Every structure is written in C-alpha cells, then in structure tokens.
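> So you can see what is in the structure, the chains are spelled out below.
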Amino acid sequence: MNKFLQSILLLLILTPLVASAKIDMSEQIGINGTIKDEAGEVIVGAAIFVKENSTIGTVIDERGIYSLQVPVGATLTASFLGFETLERKVVKGVQHYDFILKEESQKLDEVIIIGYGEVKKSDLTGSISTIGARNFGDQPVKNVSEILQGRTSGVEVTSVSGMPGAAAKVRIRGTTSINKSSDPLYVIDGIISSSGLDGLNPQDIQSMEVLKDASSTAVYGSRGANGVVIVTTKGGERGRARVWFDSKVGVSEVRKNYNLLSPYEYALALNDIRGAGTISDVDVAAYRTGEKGVDWVDLMTRTAITQNYNLGISGGAKRVRYLISGNMLDQEAVTINSKYMRYGIRANIDADVRRWLSVSAKMNGSVLHQKNGAPNWFHVLNFSPTMELRDPVTGIYNNDPYNIGTGNNPYGAMTECYSDSYSYNLNANMRLLFKIVKGLTLSVQGGYDYNHSPSYTFASSKVAAGATSSMSNSSAMHRYWQNTNNLAYSGTFSGHTISANAVWEMSGVIDTSLSISGTGLNNESVGYWDVGNATVRSESNGYTESSLMSGIVRLNYDYKKRYFVTAAFRADGSSKFQKGNRWGFFPSAAVAWDIAKENFMRNQNVVEHLKLRASYGVTGNEGISAYSTLGMLSATSYGWGTSTGYTGYWGNTFATPNLTWEKTTQYDVGLDFTIAGVNLSFDWFKKNTTDLLFQKQVPHYNGGGTFWVNQGALTNEGFELSLNTFVVDRAVKWETSVNATYIKNQVVDLAGNDFVLTANYSDLGGPMQIMKKGYPLGSFYVYDWVGFNDKGANLYRKADGSLTTTPTSADLIAKGQASPKWTLGWNNTVSWRGLSLNVFFNGAFGMDRLNISHFTTASMSGVSRFITLRDAYFQGWDYVEDKSKAKYPSISNTDNKSYANSDFWLEDASFFKLKNVTLSYMIPRYVTRFAEIHLSVSAQDIFTITKYKGMDPEVYSGYDGLDYGAYPVPRTFTFGLKLVF
Amino acid sequence: MKKILYTLFIGLLTLTSCTDFLEENAYGKQSSENFFSQKEDLAASLNALYSVVATSQQENDFVGTNFLAGDDITTHPASNKQPLREHDQYCVTDNNSWMVNLWEQRFKVIKAANFIINNAYRTPDVSKEAIVEAVAQAHFWRAYSLFYLVTTWGEVPVMLKEEINYNAKVWSVEEIYTQIVADLKIAEDGCPITYNSAPYHNGSVNVAVSKPAVKAAMAYVYMCMAGWPLNKGVEYYALAASKAKEVIDNVDLKTYDYRLLDDYADVYSVEYTQKNPELLLGIYYHRDRAPQMTPLTDLLLDMKIGGWGDTHGEIKFWKEFPEGPRKEATYLPKILLADDVLHDWWYDNGGTREVVAPVFNKSSESANRGEEFDYTSALAPPQFGQKTIQVIRLSEVYCWYAEASARAGEVTSMAVDVLNRVRNRADGATTNLYSMAMSAEEIAEAAYNEHGWEMAGYYWCGFAPRARDMFRMNRVKNHFEYRKSNPMIEVAPGVLRNETLSVTGEWDDSKMYCPYPYTDTTYNPGLVK
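The listed protein sequences correspond, in order, to chains A and B.
Take the first sequence: its letter number 16 is residue 16 in our numbering, and every next letter is one higher.
Take the second sequence: its letter number 179 is residue 179 in our numbering, and every next letter is one higher.
For the record, the hints were derived by calculation from the structure and aren't laboratory data.
One or more of the hints may lead you astray.
If the Cβ cut is set under 8 Å, some of the chain A residues that face chain B in the computed set are [said to hold, decoys possible]:
# : residue
1 : 274
2 : 275
3 : 286
4 : 466
5 : 467
6 : 649
7 : 762
Computed from a predicted structure; not experimentally measured.
Note that CB positions come from ideal geometry on N, CA and C, so glycine has one too.
My request is simple: use the sequences and hints to build the entire structure.
This is how it looks when you write it as structure tokens:
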C-alpha cells in the first residue's frame, strides 16, 4: 500500500509533465495532425492517445499540432472535456490524422449514473433525470439546490427563505411523509451525504442525477422513498493541465415591500383609534416633519454584495487524473449585519494502479460561517414607527409601546447582539475497483464525513429595559462512515446482455453535542468568550448513534437492446427500530421496450426514437431520530426560585416498541420519444405511502404531545413532461427546454383520525392547517370570510350557511394548499460564436399562502396590538366614507373578531418568475494569446408575476405555507469574469 | 489479489455475525423502567414536577383566564384580548385559542405527578419517609390540578396513570372531588410542616408544599364542596372550618412558622417575594432560570410605559373596595399616560381613551432587579419577571375559617378575631370592625368580601381568586345580570363611568363552565357535555 501511495504522490507531482512513451508492439509509424472544434478552432489541451496502450499519447499545445510514433492498426482516441470523443484506426501509409470534435450535447449513449452502477441512457428502464454542468455553466449559482430548481421535471424546489445560506425545500414527486422528512436522499460520489449539500461547491459538480421512480430508488431501500439525488463531482481528464480562475460579484436588494403607514400617519391613526393624546401634539408635529419616527424596513435592509471566487487546476497523465479546486463565497444578506461565507477545497484523484486495480480518492473540505441570523421580519413589519429607537438617558433600546407586546426592538437585537455559526466539513471517499476477470469487478468503497459545527451567541442587556445579557457556546459533532462493497458482473451472449450487482453495505452515524450558556454577564465587553463572567450558567451535552446494515442484489437484462428488464432487491436493518421490526425488504422491477429498434419501425423517419417504460417498487422511510421508540425520560430543569438549575426527569414521552418502516409503493409508466428533432419524455406515476411514521396527537387530557405509530396513508399521483429541442440550429443556436410537473397529493388515512389539526398558533387563533382524508397535505383550516356587517365587523359563514361575527370551531373549513399543483421550468440558451444568452423562467401554480404578515400588519391580534399597513387604515371601515368601499374591517368595533386562520388572509401564491438571465461572452485563447476569457452579466429573480400580496409568494416561515415574517428572496445582479489557462 | 479478496470477505462475515451492530446505545438517556433506581432519582423527579408546575403558571394563557368571570376584573374591549374577553363576557367558545393551553397545562401537572405517585416507591437507599414525602407532594399537585379542572370544566377525564386513552370517560363532579380529597389526605399525612434544606426551603420560607399548605387547601376544597354545584352544605363547611382552624391554631402556637405581614403594601412586594411569612404556598421563579410573564399584563396599553392591557379592575368592585392601605396597594394610585402626566384612572381625555378603568398593582416589577415597580417612573417594566406566584396566603385561611364556620352556623370569637386581623391590616389601624354581635350570615358575608378584597385582581394565583368564590356561592349569574345592565357609577364627584366591555345574552348554568377545547373533542368524540 505504501508503494501505491508513493506512486500516487509521485504521479501527482509529475502530472503537468505529460509523458509520451513508446512501446514495442509491432510495426511503428510516425503520424501527426491537429484537433479542432467544429468552428475550426484548435482545441488546445485536447488529448490524443492509443486506445490499446494508453501510455502512448500526447496533448495539443498552442501550435495546434501533434506528432506521435504509434503501431500500425492502433486506434487513436482524441478527446477533450465537453466534446465528444472521436476514434480512428491508424492505417499503414497514412501519416496525417486530423480530428474535428463535436461539442458534447445530451445524447443517447451518454452514461447515466444510477445507484451502485451506471448505464447508458439508451438502456435506462427507470425514470431518471440528469442535469449536467452545461445546464448551469456560467450562471451565478451559489448553492446546489439552485441547480435543481426548475431544471428537471418531477422536482419541486422551494426557496423557503431568502437568507443567504438558508436551505431550500426539495421534493421529488411530492411529499411522501407527514411527520418525517420528505427530503430526497443525497449521494455524493457513491457515499450517502449525511449532512446535506451545504459544503459542496456547485462549480465542482459534473452532473446530478435525480432518481424518481421506484425501480431506480429501490436500491436505496429504506432511504429511497423521497427520491434520490446522485451528485458526481468533476474529475481530471487526460490532457494538458487546465487552470481556471472564476470570479463573480453580485449586488442584491429586496424586490418588493409592504406599503406601511408613515410615522405621521401611524400617529394620527393611533390617536384616532386609541384616543387623542395617545401621541402628544408635540410628537405628532415631530412625526409630520420627519424630525422623529422610525422607518423600520429602511433601517433594517441594505444593498448587499456577494463575492464568489473559484480557482482550480485539472489534468491527467497516462495513469493518473486529478482535479484540485478551491472556492470562496462571501454573501451578504439584504438585511443588516448578516452574512454567509463558504470556503472550500476539493481534490479528486483517479489512478489506474494496475491492470486489475483502479483507485479513486476524493476529498472535500469546507468551512461555512453564518454571521448573525435573519432579523425578525415580523417585528420589522409590525413595530410602531412612532417611537424612539433607544432611551436617551440609558441608551437602552426601547420595546414597542403601542403594537408589539412581546419581542425586542429588531434594530437593537441585530446591532447589540451577535452570533457566529460555523460548520467545518471534511468528506473523504476512497474506492478500490478490482477487475477480477473479464466482466467481473469488485468495488470496495469507504467514506467518512466529519462535521463540526460550533456556534456562538451573545445577547446584550441593552436590547430592552430589564433584559438580561447572555452568551452561549455550543458545539455539535457529526461523524458518519460508510462501507460499500459492490460485486458487479456484465456480459453479452448472442444478443442477451446481463449485468448484475451484489452489494453489501454498512454505515453508522454518531452525533455528539456540548453546550454551555450563561446569563447576567458581569462585563458585556467579553462577548461570548467568557462563560466564567456569567452569573448564571447552564450546560448540556448529548449523544446519539444509529447504524444501518444492508444487502442489495440487482439484475439488468436486455435482449438486442430492444427489451429490457431490471429487478432489484434490498434488505435494510436499522438500529432505530427494536428487535423484530428492524429489517425491511424493498423489491422493485422495471421493463422497457425500445420500439424504434423493431423492424416495423425501420421504414419510417418521423420518429427517431421511441421507448416505453414501466416500473414498480417499494421503498421506505426510516427517518425517525435515534432512540425514538424507547420512550426515554424528558430532562428538564427548575430553579426553585433561585438562579441554580436543578435537573429533573419525567416520563413525558411514550415508548413505541412496535414501530417500523414507512413504506412507499410506486408505479411509473413512461414514454421517451424524439420527433423532428424534439426530444420528449412523459411519465405518469403514483406513489402510495402506507404505514406512515405518523406522529399521533396524544389527547391533552393525557398530558398532550405526540407519539409515533405506523398508521396512515398518503398518495402522490401525477405526471411529468419534459421537452428539449434546438429551435434554431445554425450559426445561431437556440436551445430550449421545458419541464412541467403536475402532482396531486392526497391524505388517504390518518391513523384512524378523521382529521388532524396542525400549525397551531394559540396567539393567532389556533391551528392554521388541517390534515384530512381526501385533502392534500398543507391544507389550510380557515373561517369562511364573507364581508363586513353594518358596523364594520368581520362576517363569517357558519356551517349551516348563516352569517355570524362570532364563528366557532364548527365553522372552520379546509381550503387551499401549500404545495403547488403545477411546477414549471423553461430554460433557453441562445448562442452565437462566443456570445451566449441564458433566460430561465420558473413557476409554480395552484398553491396558496396563509399571509400572516398581512394579517398582523392589518389587524389587532394576539401578537400585534395595532396595525401598520397603510391600506388597513386608509381603506379600513373606520376611515372610508363610503362603507361599501372598505377593504379592511373596523378596528374600533369591539364586536369585531379577527382570526389569522380566515380565508381573508389566504392568498393565491401561484407565481411565474424570471429566475435568471445571463449574457456571457467568450474570448478565445487565440485572441488573447494567454487565456480563454469568459465575461458574464446576470440578473436573478428579476420579476415575478403573482397575485400574492406579500413580499415573495415562494418563501414561508414556520409551518408549511405560512408567511409569518418570511424572508423574501432578493433580486440580484451579478458580474462574472472567468479565465481559463 | 486473492489475499485482498479473502481478507475482505472474512472481514464482512465477521461484521455480519456481529448482531450488536444494530443495537441502540442510548448513552446519556434514561428509561422509565430504570429510573428511581438510585436515591438521587427521587429528588430529580421532584425537580421535574415543580418545573412543570412552574411552567403551568408562568403566563396567562396557561392559567387564570377563566377567572375573568369574577366581578373584580375585566379586560380590554378590543385589541388582541379576544381569548380573555370571552371569559369576561361569559361566552367562551370551544375554539378559544388560549383555553386549550389552560386545559393542557393542568393535565401536564397531573402527568408529572403520576410519574412520581406510580413509580417512586421503588427508589432504593432512601428512607421510607423521603419517599412518602415526595409522593405526598405529587398527590397534592394532582389534587390541585383536578380542583382547577373540576371548578372550570366540571366533569373531566381523570388520569391516574400515564397512558394514552382516546376513549377516556369523564368522571362526575362528585367522583372528582372524592379523588381530590383522597389525594389531599395523602398529601396532608406525608408533607412535612417545614423542610430543612434547599431547595425545598430557601432559608426563609418553604418552597415545596408543606403540611400547613395542604391543610389550608383542604379547607377551601371543602368550602367548594359545600357550595355549588354539589351543595353539600353545613357538614362540609364544618369540615372546612376545622381544617382552617388546624392551621390557625398551629400558627398561633408557633408550631407553624407563619404570620401576617404588618403592612399590606408588602404582601405583593418585590422585597418580600422570596421571604413572605404569610405565604403558605407559592410558586417561585427567577428571571435568569425560570421567569414568569406577569410584569406587563395588568398595565394599560395607553400608559407611558406601554403595558399589555390584558386585565384591569371592574369599576363597581373598585368603588365598593374599602379605602385604606389595602386599596392603595391593590390599585395604582395614579396612571402615567403618554403626555407624561399622572392622571386619575377616570381621566378619559375627552372620551377618547379606549379603556378607562382602575389598574391593578400586584404583578408588576421594576426593570431594575430588586426594585419595586414605581408607577410614577417612565421606566418600562420587563416582559419577564420573578415575583412569586402566591397560591395560598394566611390571610385567606383567616377569611375561610370565618366564612366556613359562620356558614356552618357558628359565630366564634376566633372567626371575629381573625377577620379583624385581616381588616385591621387593610385599614392600617385597629378598627376592629367585626364583632360577636354580628349574625353568622353577616360574618360569612364579611369574610366572603374580605377574601375578595384580599385577592382582588390576582387571577394568576389559581387557587381561590374572586371568581372561584363567586362560583361556589353560585353568584356568577348575579354579576352577569349586573354587567348586562352596566349602570353608570359616580367614581369621583360628578364623574360617571361604566364598563367598556359589554355583556349580552341570557344566563344559563352552562355559562358556569368552559366548553371542552375542540382539539380534544376531535381526538375523543365521546368527550361531550
């Protein structure tokens, strides 16, 4: 092994010096030639070598010519990243071989990475979408979920928050679980990503495959029910070393604001409703002149700068290929004092060590740093503009005297308090591939994820009168290991092709945490760095571990590439369940028929390609946290009136020893065809999730809370359509692709309950959502608002159809849904010579948001005692002369009841966004003489067509689809410069 | 290569045979079965119980909202006070968003108590007395919660073990009271007169439940059983009187270490919050560790310091409240409004103030720790406070004794004496208003009123606020009619005021109780009145 490592190191060092070697085979011949692209430009760095003996080869230099000594009859292979590889036989007597390489596009013999293997796209039986680097190339993509958004059918990506570093919600073919994660499984270079995609640099991604149907996901068994995203990172290619430097600088700002009352208007409104003198005449005058008053939104937002830099080198020699890249992202939030930073380095090395052994090693290290969190948007929108920011004598920030009852001054909270959260990630992954005999290989892969996430917070006593200063310092450590052993066989016998895998896999996770916190700092200048300075201290730590043991067998068979059959079976044993319920079995099968290959299709040229697919399979969800079934005691602490913490334990949770997997059965029928240059793909699917890992409500008279059961059922049914074509394919090329997905999500059974109420906000009116048989998840539970009575009080429709100002729970109705019925992506790339324009639209339709921000700014509620929205006052019942024109209820009528869970606030959040426009221009190397230069300018989230009244229809906070001070996605302009040497 | 493969397969087989691989190692977690296996577990279980108790009374959506039915207190006519308003207007709906918390918190306490009652017996290496003491406290808190439930909802499901039961049946009011009395008797036998060490005793007072506190609670429970709806009458008033007398006798003999504070202003003061000698039972908080949220609730929205405007005084009660130090300490003497001027509460700024009402002064505290709340200062109180929630005070036991013995038909010198102790302090002078010349009925009503004034506006306490007195005496309906008529009251010479929050509808006895929260009636459709 030592020797092996030494040789890798040696090769690494020597790589840039590409060697050419002579091997004594038979008759040698001296040849030469060039490698050019279709435009006739020399491809500097392209590699040419002998297929039978890869030690003979070279790369094209600036002069554009190669010369080699090769055996007659050898096969020459010319290749370059992003181009299709070309082969030619060396013929006796011919000394000049020129190659013209075509730029790579999606094509049928493209290799698709499937779980535990790969197949040619033409041989695919399941439903898998691929996104290659070319699909997002020059665009200012800052995190990986942005790549998935709108670029493939069946995948719904929702930007839940516009805060830098915030995770997006990703759903593949709908939401399959009620109480457990419906996030897809991410697999990076064969290793399950146990800590998400945060540390991954989008620029390092070669391709992403989205596994959607059960025959594709079933090999991931207990973790495959939500779909699987396989990420393959870039590797080096044989050829001259390429060095690139990419820099992008962006400017962001909030796209849309609420129209709020000015300080002067607010003062008049207060005096009108609460009584003259609530704000004194002197102050009213000062608010009018602008001498006093706070514009909270202006105070809390800013123009933010984003910087993103990438530097990399890649290349390869005869037996070793490498890629090393580093990146740095510094992204400011559009609200004050927050930003997100990412630093990363990746090294990927592939080596053919022996004829029978290849080794691949991949390492990714990253540091993420979140400096301060998001401000409380609910406070920003609702704090009274008529107040002093801070007490003039003490300098302490004031709370809101008129509107917000609980909660600190948002400006004080963001300026006097600070926090830093870090995440240090190291992902290492090594694979040995043994070629045992022809067709039989054994892959032994080991992966290790190490993640250390310390976070630090400091809160000053200056944020509010009587506030206590505090600090905390917590550290979470996450360690995941995986060992996968994959015995693979493939062979062809007179038209019959068989490939088979047998996999044995084990993995384990250990999470530990440690935290200390203190309140009442004697000297606040020490910030969060001296817990000894705190008068009261608390500490906690914790440990969890879980493990999974799995066996997989899979068989692929085809006859003459016409008829395909795939069958797979996975068994998973999980430590999260108790003995007897531990093992889950996940079978799947798929068939495909390539009709275009049939004889009867030979004599037509309308349909170029036609394939029918069908699949069935069972996958699972084991997503409960470790120890969930044990009913462990809850720890709590009480001070008995002192500042000392006395730890206590009580039986607040219930043991559930019979708990086991949640199962999802999926059917899929698909058709892929190409007519007149248009590639079309259509899939119908139905997912039935049963034995839901369901968090059943314990009646409050039993102490409340929840417990786990395997009960309940859910379906997701829908279809996907994707289309890809070159609208114009001449000197100017216009490639367009459209994908659309329709999903109908429906609750079938709720563990015996007719319905379950969720999203409970006791201070806003109670549960905001309902799960109910026949309705989709994320259905809102609201009063049916019909108008105002003759005194301006809200009128609601009762269950019996009559109208009332005082509805009861019997009058609540299920309405609307948080997840879209339709999602749409439309991507266009127009290129002409070095110019390229990308225009990307993305839309979601048939979804609603309960706009609680609208409610709180326009109502006197449990959390906001007055209104801040301009229209709520000036178009409110009390203000307007013609009461029929009133848009908002009376705020002085004591009989008026306002509920956040009223369809008055339930708004259609369907949207169509111009998500990205990028114009880029490439100056070839032969012009600049030193490097290829890419210049680009982009705009993201340029406009949104929507009826939604809030800041952004896409984002939400808290529960699914509730906009309760959600952070909007900003508009961003980005300028990019990329140099390739 | 063969070697490598061989090694790999052997390795795999070894791992496979290792079935422990899938066993969970729950380091740092404790299971129910393994708890109470060390002597320290007993104390830890009490820490948890009192933590749950403290949480259940730390904010007013968890406790006390139903006591707005009382004639001492009311709420804002609009703003965000809908959940409170429904109680004050006697029209509580099953979707009242705070009521579900009010309901759940009582059952949480019961659950934490059951954990001790059903398991603590197996704790090794501790004296039998220690177990009895812990279990006795748990019985008290279970009874305390059941008492809240039976006086707020009437018939409710009673949980004596930790279980999930979607088909739980309600117990009758009689059955629930029987359980309460049984629990209290166990608590009475097992709780010590005083605790010897921290944290159960803080050097000045008992922090945990003591025998005197249990006896006092029993006295009041018997009074409630004597009254509406069980109407057990004289026999139970006599039981109540004898329990209260046990407390009073022991206090007079100094066997129980309690006494009335000399000055009523000290009763709810910051100064005495950790050492109130008349407090038989309190729930203790600390701003840094487990704060409560009372400081802003009683203060009006339009005050300079920006209160939450949750609750304020009813005008008729204020008007009839006898003048003296007690009244001065109960209500804010003046109100500092936005104009920086201290006004009388009836100041209405030309009819433009939303709420014109007296303001209670029992729960607020200063932002500066250790300082009393100063109504003349513009310094806003903090949101989180640490004043002790006072559950049972000695002055209440005096009133209960006087009322119960009188309603049992007796006029005793002790009743007159203890009632005068309460009133003399309230007057700040030895007025000795009450005498043996009074009839039993007069003594009873005097005690009823004195207790109301002692407790005025203190709806957080949860044991015997004014509303519960009215409930047991079946007088809520009288106040309902009064609020409907809402006459003007002369609050100062020539100044007429009445309640801003209107009450409408017709009385029926269902208004005595809250409806079951609809969340629970959906889990258990059998839960119907």
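> Does the interface hint hold: is residue 649/A within less than 8 Å of chain B, judged Cβ to Cβ?
Holds - the Cβ of residue 649/A comes within 8 Å of chain B, reaching about 5 Å at its closest.
> Per the CB criterion, is residue 275/A less than 8 Å away from chain B?
Residue 275/A check passes; min Cβ-Cβ to chain B is 3 Å, inside 8 Å.
> Report holds or violated for the interface hint on residue 466/A, using the least CB-CB distance to chain B and a cut-off of 8 Å.
holds (3 Å)
> Given a cut of 8 Å on the nearest C-beta pair, is the interface hint for residue 762/A held or broken against chain B?
holds (5 Å)
> Would the stated hint for residue 274/A survive a check requiring a Cβ distance to chain B of less than 8 Å?
holds (5 Å)
> Against chain B, with CB atoms and a cut of 8 Å, does the hint on residue 286/A hold up?
This interface hint is violated because 13 Å lies over the 8 Å limit.
> Answer holds if the nearest beta-carbon of chain B is closer than 8 Å to that of residue 467/A; otherwise answer violated.
Constraint on residue 467/A satisfied, holds at 7 Å.
In terms of the numbered hints stated before, the structure departs from hint 3 and from no other.
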